[in-house]
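Line by line, the protein sequences give chains A and B.
The working numbering applies: residue 1 is where the first sequence begins, and numbers increase by one.
The working numbering applies: residue 1001 is where the second sequence begins, and numbers increase by one.
By construction, these hints were calculated from the structure, which means they are not laboratory data.
Given the structure is predicted, the values throughout are model-derived calculations rather than measurements.
Beta carbons: idealized from backbone N, C-alpha and C, even for Gly.
Misleading hints may appear alongside valid ones.
To be verified - Straight line, CA to CA, 25 Å or less: simulated BS3-like cross-link-like pairs of lysine-lysine:
no., chain 1, residue 1, chain 2, residue 2
1, B, Lys-1175, A, Lys-261
2, B, Lys-1159, B, Lys-1175
3, A, Lys-213, B, Lys-1057
4, B, Lys-1175, A, Lys-319
5, A, Lys-212, B, Lys-1057
6, B, Lys-1057, A, Lys-209
Said to hold, decoys possible - Non-contacting residues of chain B with respect to chain A, defined by C-beta distances greater than 12 Å in every case (computed):
no., residue
7, Trp-1046
8, Phe-1064
9, Pro-1263
10, Tyr-1273
11, Gly-1296
12, Arg-1303
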Amino acid sequence: MTNPNIRNLALAILLVAPMALGQSLSGWLGDLPQAKAYSLKHISSWDRTGANADSRPIEPGQTLTLLDEQGPGEISHVWITISSPENYHLKKPVLRMYWDGESEPSVEAPIGDFFGLGNGDYFLYQSLPLAVGSTKALNSFFPMPFSKSARITVANEGRQKVEDFYYNIDMRVYAVPLPPDTFYFHAQYRQCTPCQGWTSDWQSNGGEKVDKKPNLNGAGNYVFLEATGRGHFVGVTQSIFQNQDDWWGEGDDMIFVDGEKLPSINGTGSEDYYLGAWGFAGGPVSYLLFGNPVSGGYVAGARSSVYRFHLDSPIPFTKSIRVTIEHGHANHRSDNFFSVAYWYQAEPHAKFPALPPADSRTPRIYPVGGPGNAEKQ
Amino acid sequence: MRKLGILIAILALAAPALAQNLSSLSGLMASLTEPHDYVLKRISSWDRSGGNADSRKIGPGETFTVLEESGPGAITHIWITIASPENAHLKKLVLRMYWDGESTPSVEAPIGDFFGLGLGDYFTYESFPLAVGSTKALNSFFPMPFRKEAKITVTNEGKLPVGNFYFNIDYRAFKTPLPADTCYFHAQYRQAAPNKGWTNQWEYNGDPLVNGRPNLTGEGNYVWMEAKGRGHYVGVTMSVFQNQNGWWGEGDDMFFIDGEQLPSISGTGSEDYFLGAWDFGDQAFSYGLFGAPVKGAEVAGSRSSVYHFHLDSPIPFTKSIRATIEHGHANHRSDNYFSVAYWYQTEPHAAFPPLPPVDQRLPKLYPVGGPGNSEK
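Model the full structure from these sequences, guided by the hints.
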């Protein structure tokens, strides 16, 4: 008991332990009566002269560093809003996050996709970890801890200047190191434009030729995420731009944990994975853990955006994970998919696939044939 | 110093170890940065041939076993959707859950009622533990731990086959035993069709005949659940089909804990118990902890569905609990109630009341007299 700081820490832990074990609506409300051991630091684009120029411009080709802080700490909230004359500026600026001085980012995604806006357009929705407020207000509440340092950048890969990039980021500055087994936040962007169906010679989703085709090993599936190490998968936001008529979501989710050849986690359909049913025929909903905030029609050219967060039970892996979904039953359809997968893991993370060039990230119709789509003449 | 260090380590570890063992809404976000030691398993109706026939059929009279798994584990999410040509199939299929090989189920309810759809019709709403997505997508996030075994069945008490019964259930398979005092999930269906009012000689709810009547003991109240043992009550979903005119919800909630003769928890009105006020206005709403996703007009023939989850403070009991609500002030009204109460307790649970036969579960209007209703 020679060190008063340690004694005080022990007392503090003793006092708060029963509270930490208690049932509460979420860690947030239940933890409120606990004294906080961190200091809150706010990283913002506010005008340091005290005037009202509270944003930053980002030139074409420029990388703006939003945050560059020493740890131990934990980012608990990110808010961003953007004013840009460029079409599809949600797809062109790229958000990256680096933890503890790593050379390859743990987060890499077009900025709109990161916040669940995968088709380049803004819409409003609320989930527990991500929300888009009124209007064009991009919010993340994913906890993002770091031991030594955190760096967040935005690279403008567009042709025009982002006139006003506003941001407010809250982080907890800790006086003591993070627990040694703390996982780090990761997010990975993927797309297929188009997903290549195994046939364009089909009339309807439910045709026998399609429905009877087996797919047990996930060959040709769209991949949300591949990771190696120890961690857990916590969810995905996905946007779809249909090249073909009919319902896009006959594809099943298949999740391969720790090197499985056949997936131990198999689902029954895309809207089922996103916890809706029957083609989301009841229209759009945005719930805390799942939703279909944009629900297009069942025709070529329709746009949809969906999400699912496994906060009820994140899916653990000890060596590796591959999270996939079919595009149409057994991958018969050729729509365009854009997705960001979110997970936590111990570093180092596996190499991400190369980010597709800015131009190829913007949603377009492709001549894939099949219902509602003419192949190239 | 060294002992203190060990103490700190134990205390620091204890909270996350317990928190991760059992899923709950608690710390959904906070636990993301901590390792999890469970294996996530999915029990699903997916087509084992790799084709697209991802559902199961359930014939009339058939009991289909949805899940039968060994523990220790905890179910954290259930998703179900149903295609059936049968009217009111939400009232005719019966969901049952058995923990650790028990002979009588800890959960027994018509499948729609379990998910808050008590009148046989689908509607879309979101609460924290239960949600119905777009479209007809039934979701539960109640944590359901089990030590030795979990079994979930669905019995088709209808006359037609269920063409497609789809399900995806996620559970955590644990490597170590559950904490010794873990409480098990329970859900009990009840109905009163109709509730028997003590009079039908009233003209309006505020009638002096009605308002002067005392009810301190809860005699004649509608009972949501009765349980014995140690546990905590966490809430109720209820649907009302009105036989009479006027606001159905003048009745107060009354909770009897551990054998009380008079309730230690007494409320002020039904919409107040469901955390709205003034008859819910004319506005349906769905919140995380409470809601009235269906709000009918205040006339005979109207339908309403409401819910309240006590996740802020579940109501503990150490010996027994009786959760009740009046039907009208001092039980003067004769509407139809259908409810599912949700609670956690250590086993064994008390016997459930017999499930009413399928035909009696269907919402019907009854000739009870009173405003808007003609007696036989």
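To see whether the hints hold, each was checked on the structure:
1. Among the hinted pairs, B/Lys-1175 with A/Lys-261 is consistent with the structure: their alpha-carbon atoms are about 23 Å apart, no more than 25 Å.
2. Distance check on the hinted pair: B/Lys-1159 and B/Lys-1175 sit about 43 Å apart at the alpha-carbon level, beyond 25 Å; violated.
3. For the hint pairing A/Lys-213 with B/Lys-1057, the CA-to-CA distance comes to about 21 Å; that is within 25 Å, so the pair holds.
4. Simply put, B/Lys-1175 and A/Lys-319 have alpha-carbon atoms about 17 Å apart, close enough for the 25 Å limit, and the pair holds.
5. Note on A/Lys-212 and B/Lys-1057: the hinted pairing holds, with a Cα-Cα distance of about 18 Å set against a maximum of 25 Å.
6. With a CA separation close to 23 Å, the supplied pair B/Lys-1057 and A/Lys-209 stays within the 25 Å bound.
7. For B/Trp-1046, the condition that its CB be more than 12 Å from all CB atoms of chain A is violated, with the nearest at approximately 4 Å.
8. No beta-carbon of chain A is positioned within 12 Å of the beta-carbon of B/Phe-1064; the least distance is around 15 Å.
9. B/Pro-1263, annotated as away from the interface, keeps every beta carbon of chain A farther than 12 Å; the closest lies near 23 Å.
10. No Cβ of chain A approaches the Cβ of B/Tyr-1273 within 12 Å, the least distance being about 19 Å, so the stated non-interface status holds.
11. Every Cβ of chain A is farther than 12 Å from the Cβ of B/Gly-1296; the closest lies at roughly 20 Å, confirming the non-interface assignment.
12. At the 12 Å boundary, the C-beta of B/Arg-1303 stays outside the reach of chain A, the nearest C-beta of that chain being 18 Å off.
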